[in-house]
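2 protein chains.
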Amino acid sequence: MRYGYFDDVNREYVITTPKTPLPWINYLGSEDFFALVSNTAGGYAFYRDARLRRLTRYRYNSAPLDQDGFHIYIKDGETVWNPGWQPVQAGLDLYRCRHGLGYTVIEGMKDNVFTRQEMFIPLGDNCLLARITLQNKGTEQKSIKVFPYVEFCLWDAMDDASNFQRNYSTGEVEIGERAIYHKTEYRERRDHYAVFWTDRTPSGFDTSRDAFLGVYGSPARPSAVFGNGCTGSCAHGWQPVAAMQFDLTLLPGEETSLLLGLGYIENERGNKWEAPGVINKEKAQAMMARYADNAAFDAAMAALAGHWTSLLSAYTVASGEEKLDRMVNIWNQYQCMVTFNMSRSASYYESGMGRGMGFRDSCQDLLGFVHMIPERARERILDIAATQFPDGSAYHQYQPLTKKGNLAVGSGFNDDPLWLIAGTYAYLCETGDFGILQEVVDFDNDPALAAPLMEHLRRSFT
Amino acid sequence: MRYGYFDDVNREYVITTPKTPLPWINYLGSEDFFALVSNTAGGYAFYRDARLRRLTRYRYNSAPLDQDGFHIYIKDGETVWNPGWQPVQAGLDLYRCRHGLGYTVIEGMKDNVFTRQEMFIPLGDNCLLARITLQNKGTEQKSIKVFPYVEFCLWDAMDDASNFQRNYSTGEVEIGERAIYHKTEYRERRDHYAVFWTDRTPSGFDTSRDAFLGVYGSPARPSAVFGNGCTGSCAHGWQPVAAMQFDLTLLPGEETSLLLGLGYIENERGNKWEAPGVINKEKAQAMMARYADNAAFDAAMAALAGHWTSLLSAYTVASGEEKLDRMVNIWNQYQCMVTFNMSRSASYYESGMGRGMGFRDSCQDLLGFVHMIPERARERILDIAATQFPDGSAYHQYQPLTKKGNLAVGSGFNDDPLWLIAGTYAYLCETGDFGILQEVVDFDNDPALAAPLMEHLRRSFT
Chain W
1 MRYGYFDDVN
11 REYVITTPKT
21 PLPWINYLGS
31 EDFFALVSNT
41 AGGYAFYRDA
51 RLRRLTRYRY
61 NSAPLDQDGF
71 HIYIKDGETV
81 WNPGWQPVQA
91 GLDLYRCRHG
101 LGYTVIEGMK
111 DNVFTRQEMF
121 IPLGDNCLLA
131 RITLQNKGTE
141 QKSIKVFPYV
151 EFCLWDAMDD
161 ASNFQRNYST
171 GEVEIGERAI
181 YHKTEYRERR
191 DHYAVFWTDR
201 TPSGFDTSRD
211 AFLGVYGSPA
221 RPSAVFGNGC
231 TGSCAHGWQP
241 VAAMQFDLTL
251 LPGEETSLLL
261 GLGYIENERG
271 NKWEAPGVIN
281 KEKAQAMMAR
291 YADNAAFDAA
301 MAALAGHWTS
311 LLSAYTVASG
321 EEKLDRMVNI
331 WNQYQCMVTF
341 NMSRSASYYE
351 SGMGRGMGFR
361 DSCQDLLGFV
371 HMIPERARER
381 ILDIAATQFP
391 DGSAYHQYQP
401 LTKKGNLAVG
411 SGFNDDPLWL
421 IAGTYAYLCE
431 TGDFGILQEV
441 VDFDNDPALA
451 APLMEHLRRS
461 FT
Chain U
1001 MRYGYFDDVN
1011 REYVITTPKT
1021 PLPWINYLGS
1031 EDFFALVSNT
1041 AGGYAFYRDA
1051 RLRRLTRYRY
1061 NSAPLDQDGF
1071 HIYIKDGETV
1081 WNPGWQPVQA
1091 GLDLYRCRHG
1101 LGYTVIEGMK
1111 DNVFTRQEMF
1121 IPLGDNCLLA
1131 RITLQNKGTE
1141 QKSIKVFPYV
1151 EFCLWDAMDD
1161 ASNFQRNYST
1171 GEVEIGERAI
1181 YHKTEYRERR
1191 DHYAVFWTDR
1201 TPSGFDTSRD
1211 AFLGVYGSPA
1221 RPSAVFGNGC
1231 TGSCAHGWQP
1241 VAAMQFDLTL
1251 LPGEETSLLL
1261 GLGYIENERG
1271 NKWEAPGVIN
1281 KEKAQAMMAR
1291 YADNAAFDAA
1301 MAALAGHWTS
1311 LLSAYTVASG
1321 EEKLDRMVNI
1331 WNQYQCMVTF
1341 NMSRSASYYE
1351 SGMGRGMGFR
1361 DSCQDLLGFV
1371 HMIPERARER
1381 ILDIAATQFP
1391 DGSAYHQYQP
1401 LTKKGNLAVG
1411 SGFNDDPLWL
1421 IAGTYAYLCE
1431 TGDFGILQEV
1441 VDFDNDPALA
1451 APLMEHLRRS
1461 FT
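The listed protein sequences derive, respectively, from chains W and U.
Each step along the first sequence adds one to the number in the numbering used here, with nothing skipped, and position 132 is 132.
All you need for the numbering used here is the position in the second sequence, starting with 1, plus 1000.
Hints may contain errors.
Claimed, not checked - Partial list, derived from the structure: chain U residues whose beta carbon lies under 8 angstroms from chain W: (1) Arg1059; (2) Tyr1168; (3) Val1215; (4) Ser1351.
Source of the hints: derived by calculation from the structure; they are not laboratory data.
We put the CB at the ideal spot given by N, CA and C, even for glycine.
Please take these sequences and the hints and turn them into a complete structure.
Encoded structure:
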């Protein structure tokens, strides 16, 4: 059975059927904002920490599988389908997914409507961008309806998946002309909100899941899509979502595109509101303005490609063996960078709720990426060392949002601290930056206990 | 909108449409084994503790909603349906759900096949019993296939819903002629297993969810049911389930029944195996033998009805107001007993994972049920008091399986200990059993700190 192939020129893996044995995912994001995206547009987004700042809801081990994500519904007459096949699972006339370096492109066609869904996270920004390109490949005019849909997570993914008696009562949104703001707990205890935006005014929207899917409906059969369209619902509690409806007419051969974004915004405590109960949207509006047209989208995507070209240029091989070169020059290094970014804290098997980042894991992972980003390896070493206990032992893991250790799986693993030595050694070999050993670093994140990194290594060993 | 009515003679609430505004559930079980069952046969079962000993998996806040439970699929030609509508959601010619006192009966009919699904938990035993009665109401012979299906939970519901990198590798089953045994971790660390049995040999079975539903399938469209039948799969890791297939032929007017059970079995550590790697099934076989035919099923159901008649006879009113009498004589007391049994630790909004039983809640709940079961109220008072700290303060909640306090939401709530006085006072007023005040009870479950209950009350107040 063949599911796809490597495209070495474009540095992509191309998947040619949506029905892979299991969802095949890509990891988007290289700084603070991340998304997991499957070959059928399933997945979720988070800011820094897959447990504590999850933007969209994802149901692990669900049946049906992988139906939460970044889906687009196309309604063409009475036929409803998704370019990525899921969640409706309608048969497609064409399907292709390109998992590239920090981006994913899904193409689908049905009944002469061709759709391309490009997704990536721009450098230096906390948002997922998507461009939906639609083209009428037929000889007759097409009137179609397009519905993007995301379901919000109420920030703490563990609480979101367990504390229903509380979190069914907390959901809040604000609705703008081209944007839906998710602001659950912003009033009470948070200084961040999410925004789902578009570049044109939709003809309809929903922010209540029950309104869009139907109480007994599902992502595979949203009642608004299969029925009479979005209802203009405003979520109060229950499940806030962002769904929009666009009614488009395409002449034969005509192509149009729709720009979408999902952003994370933090405001200072003193600057949270623009009016009583109305969130301050300045930063969100600035974010939307940065990606307001196709040229801006293309430029951000080109910058990301350049970033990867630069990262991968530090170490290359030309062995004459196509498969060896492909792995060394592209995919192994890409995987090492993903491991740097996520430190195995979130995948389709690691729920992102249970572990944070591992002390041992993160030290080991350094060996794979230190040559690509030595300055961030340096920062990582110091972050890890700062969680170490004064007696040289270590929390087994730490939370990326707070950079503080947690005891979820205990501490006192004998080998944990030794890996800090191995990671630092790898950094020294790569950079010759022996000055790092003199950096003063907290123990247990307590500045009163700080000591040079060299002293951390000494205590690791004794 | 009218969804049902009270049947006072049978002490039932009768629901006449599956599409209630949300699932309407009943609570089965009165001792150690419990199940939540919705009006469409959704829900789950657990032994004592909804977090630590959950037998079947239930996805809260799922979309689609309430598709995990105790479902029966009927395949009649190419038409697939469920007597309770969910999860296939095929239209029914007749639907009725009777939520009674500790039992639920769901009836559905389609294309002249009438099905009744009766469910209850017998007194004194750790199992959920179900009887599926099928009748051909038409004038032609019917050949149908019947598939019962449950998905197992890997015991700890919180871990089951979060620790996938581990629990996808642990699932284990054993397959008998008329029974499927779920024994995940029985070898390594558990002395309990679950058994799903039937009274006749099925023509097929599955124990792997992926085999029965399909990797991209769902409970709404199991590939084995919509396709060519069960595959005989044996789960190793991933998701163990119990699915069976029965091929039945019914003459016009003919009726047949199928007995099913889902049981929980504990073995002593020294007596776990009947052969290397083969679990000791003695107790399971004895359990199955206890409910081997319709007469045994009926007798157990009658015993449960007698139990409820006895409980409700302690306090009755005849006011001449139908609605007042109904609430006082049946439903309020029933609800108070459910509260005794579950102490709000598991419902369709309380996930059963987060809190265990509340110290304050359980003391308050005593006031509602003490007149029905004073001897169990006595036991509950002593259990609660045993979790109290020596200084009179209290854990806010405790785990019903271990009867030990947990700090999941902290301790030191000022009013918690005062409710122990209120609960004990209610018990004394009802029973006059002042001897309870001299009962010696642990503090913090430590026998070295034990003192008379009266001393607990004194410390609660000071």
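Right, here's what the structure says about each hint:
no.: 1; hint: Arg1059; in the structure: 7 angstroms, holds
no.: 2; hint: Tyr1168; in the structure: 7 angstroms, holds
no.: 3; hint: Val1215; in the structure: 6 angstroms, holds
no.: 4; hint: Ser1351; in the structure: 5 angstroms, holds
Comparing the model with each earlier hint shows no violations; every hint is respected.
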